[in-house]
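So the protein sequences, as listed, match chains W and H.
Okay, so the first sequence: first residue is 1 according to this note's numbering, each after it adds one.
Okay, so the second sequence: first residue is 1 according to this note's numbering, each after it adds one.
FYI, nobody ran anything at the bench for these hints, they're computed from the structure.
It is possible that some hints are incorrect.
To be verified - Among chain H residues calculated to face chain W with C-beta under 10 angstroms, some are:
1) Q48
2) T49
3) R53
4) N262
5) Y297
6) W308
7) Q314
8) E316
9) T318
10) L319
11) M320
12) D323
13) I335
14) N336
15) E341
It should be emphasised that the depicted structure is a prediction, and the values quoted were computed from it without experimental measurement.
No residue lacks a Cβ here, since even glycine has one placed at the ideal position from N, Cα and C.
Residues per chain are reported as follows:
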Amino acid sequence: MSSDQDHLKETDTEARFEFKKEQKAAFAAEKGLTEETIRVISEDKDEPEWMLERRLRALKQYQKMPMPTDWPGQPDLSKVDVDEIVPYIRPDVEVRGGVDDWRDLPDDIKDTFDKLGIPEAEKNALSGVGAQYESEVVYQNMQERWEEKGVVFMNMDQAVQEHEDIVKEYFMTKCVPPSDNKFAALHGAIWSGGSFVYVPEDTTVDMPVQAYFRMNSEGMGQFEHTLIVAEKGSEVHYIEGCSAPKYSAFNLHSGGVEVFVGEDAHVQYSTVQNWSKNTYNLNTKRAIVEKNGRMEWISGSMGSKATMLYPASILKGRGASDNHITIAFAGEGQNIDTGAKVYHNAPDTKSTIESKSISKDGGRTNYRGLVHIANGATNSSTAVECDALMFDNESTSDTMPYMEINESTVDVAHEATVGKIGDEDIFYLQSRGLDDDDAKQMIVSGFIEPITEELPIEYAVELNRLVELEMEGSLG
Amino acid sequence: MSAQLPANLSEQTVREISDARDEPEWLLEARLEALEALDTLELPDVIQTPGRRWTNLEALDFESLVDPLNQSDETTREAPDDVVVLPFTEALDEYGDLIEERFGSVLDLETNYLTALSAALFTTGTFIYVPEDVNAEDVKIRAEMNSRSLFSHTLVVTEKSSSVTILEGTESGDADVEGERYFSNLVEIDAGENSYVQYGSLQNLDEDTYTYSLKRGDAGTYSTINWIEGNLGSRLTRSDVETELNGDASETKIVGAFFGHNEQHLDVNARVWHKAENTTADLVTRGVLDDRARSVYEGVQDVGRDAWSTNSYQRENTLMLSDESEADASPKLIINNHDTEASHAATVGQVDKEDLFYMASRSIPEQTARNMLVEGFFVPVLEEIEVDEFREDLEELIAARLK
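Could you build all of it, start to finish, from the sequences and the hints given here?
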């Protein structure tokens, strides 16, 4: 921990996340969502006809579906008005699809990502980086040694052009169809940017690839799509980071993530989400896992006004497995409703869900999870563990797991505990000379360690630093 | 989703029921209000996850199930001398004022369509009144249902520093009733300061009967309400057992046991609201499923903003004996006060293979070993039962169900 702590002092995270830039756009769609808007976006991206058709079908779906309002204890979405957001902004960048050298970025964008620390991370720890600014990927790079092995890491818009066959087969067809939920439908209609990752058979990408999403403009929506296809026996770790400065109008983030984990393949998907506290974060993330494949979801949800996000794994092949590790931190005015879903659809499948939440200053956290064991998924097992830490009496922490068990030869366990931060622990730490704040900070760092230890060091440091700022109450 | 008002239900029906029992005006008014509310009330909430409702109450045809003017039951009541245990309607003569004051005070009669239906139409039930400082053991109520539909309302009032243990058994009688039936049971307990109530229910209706029960307690300062809820019978059981911990240092236990076989559907729910300081709750449910039976369980521990120093625990364990059975569970924690120690756990699994192997190695035949393990699985519930007769009944019913 000590080296992490030293590193923390060198970066001023508040300045890194909260700065704003004056908006400079080459193209911005009109507010709201109409067929015309979608045609304009599709045309601006020079998309093939089939993609435009998919968008229009998704729009119809979106218009048909009601807002989710009747889940017990769900966040209030009454302020989410898609007619009030700008769904698409293409920043003023010379090269469509992003440049591959930081030096070629316009100064203001370069400056943004410099402040976020992206170039350092790329140099030190990553196989490749994609950076999205507003609706478009502005930077994309992949180390050559991976490209030589046939690994593809590019922005999604470009993948529609260059890997049309794969995209056509997998894009919102089998994994996240637009009919899944209202915001998946919205996403299908106006998605833009995001990442495409393709890892060929038996290829191990042993350093993580990273995408960073930055929403800078007021009142915009960001709808990036991430598609990961990991062929048989391959391995890849994808990291996504998100941030946006705070404005008075609301922002909407409604991304879509689809992961295909082939036979014996292993995909880890890590997110540290720190949207500004006016952002509604309504995402759909899902993986389909083939025989003996392994999917890992690691997520830290720090920011946003309200989050509704339940990454899902469908364990389709015999022996497939899933691990979820999630942490949610809700401060004043925030409602983080997150969890995990696992469908055991084959025999010998295994899953574990470890969920931690911290609520403070009136924040609300909710674990909402679903474990489904289908008839025939013999010898499957699942273990769910939720721990909630609460700081004060204004905060709320709910646990709402759902378990649907259709098979008898299974082992299903769910456990949850809630408690306040231990007075005795604080007293002990104080007796060792720490002040109250530092003591609490240290207890929280220990509480979230299962997550931080799964992340590359830069991310672990960032997560710790974010938690520290939340604890100080210094983030707006 | 709203159910339709059966055509055989009218103000006239309700007046007839009330007149036949020579009820006071206030009760007739309460019934009529409940009747009127049916137009707008919804069926009880059921758990929903994407693509499915866990219990399909909408499929019940109340038009054909409900026959309000031909209700018939055979109920026996045993009690020590110093407590009042009377058929509900008879109790109105002597305890009218007390009943008027408490009726519907713990359980909102307009909670949903089915509670209002029950309040409008009930003809049976029991009034139990335990005066101050009286300790009453073994109050026994045995009810037989002898008609197509039967609606029951029970009110328990315990005064300061009293205690009572109650067993309520419900069965189908021998009466010839063709086709499907409906039994509705509402129970409210108003537990006074420092009083203790154990209310045990054993529902063993035949498997042509659909049953809805809502049991609700209001625990006063230093009081304890312990529920034991045994469900073995009925085609479809919807059972809600709830305690509001309104008094400081009040406590509750909700202990449930169910055993489903054939095509039985059991929707059992245990809920507790911590609303005062230093309250404690313990929810324990154990269920076994065989054949194509299905269980739905929801447990709720709700800790209010002002519930300082709360302790709240919940466990639910389901044993599946068949691949065709289904066990769904949702144990929920709603925590609004950080000065709380709360946990819940739920498990679903099979009879332990190692235990079976161990017993086989002691030359116990496999089926016998399995049966012994299933019986053993219910021990934590059986141990909670204070009325001996109730415990023995439950043990017998479990044994009878084993193959």
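Status of each hint after checking the structure:
1. The closest approach between the C-beta of Q48/H and any C-beta of chain W is roughly 8 angstroms, which is under the 10 angstroms cut-off, so the hint is satisfied.
2. The closest approach between the C-beta of T49/H and any C-beta of chain W is roughly 5 angstroms, which is under the 10 angstroms cut-off, so the hint is satisfied.
3. For the restraint placing R53/H at the interface with chain W, the shortest Cβ-Cβ distance is roughly 12 angstroms, beyond the 10 angstroms limit, so the hint is violated.
4. Using the Cβ-Cβ criterion of 10 angstroms, the hint placing N262/H at the interface with chain W is not satisfied: the shortest such distance is roughly 16 angstroms.
5. Hint status for Y297/H: holds, given a least beta-carbon distance of 9 angstroms to chain W, under 10 angstroms.
6. About 8 angstroms separates the beta-carbon of W308/H from the nearest beta-carbon of chain W, less than 10 angstroms, and the hint is met.
7. A cut of 10 angstroms between beta carbons decides the hint on Q314/H: the least distance to chain W is about 9 angstroms, and the hint holds.
8. About 9 angstroms separates the beta-carbon of E316/H from the nearest beta-carbon of chain W, less than 10 angstroms, and the hint is met.
9. Contact between T318/H and chain W, as hinted, is supported at the beta carbon level, the nearest pair being about 8 angstroms apart and thus within 10 angstroms.
10. Because the closest C-beta pair between L319/H and chain W is about 9 angstroms apart, less than 10 angstroms, the hint holds.
11. At about 4 angstroms, the closest approach between the beta carbon of M320/H and any beta carbon in chain W falls short of 10 angstroms, and the interface hint on this residue holds.
12. Interface restraint check: D323/H against chain W, minimum CB-CB distance 5 angstroms, threshold 10 angstroms, status holds.
13. Of the supplied interface hints, the one on I335/H holds, with its beta-carbon coming within about 5 angstroms of a beta-carbon of chain W, less than 10 angstroms.
14. About 5 angstroms separates the beta-carbon of N336/H from the nearest beta-carbon of chain W, less than 10 angstroms, and the hint is met.
15. Satisfaction of the interface hint for E341/H is found here, the shortest Cβ-Cβ separation to chain W being roughly 6 angstroms, below the 10 angstroms cut-off.
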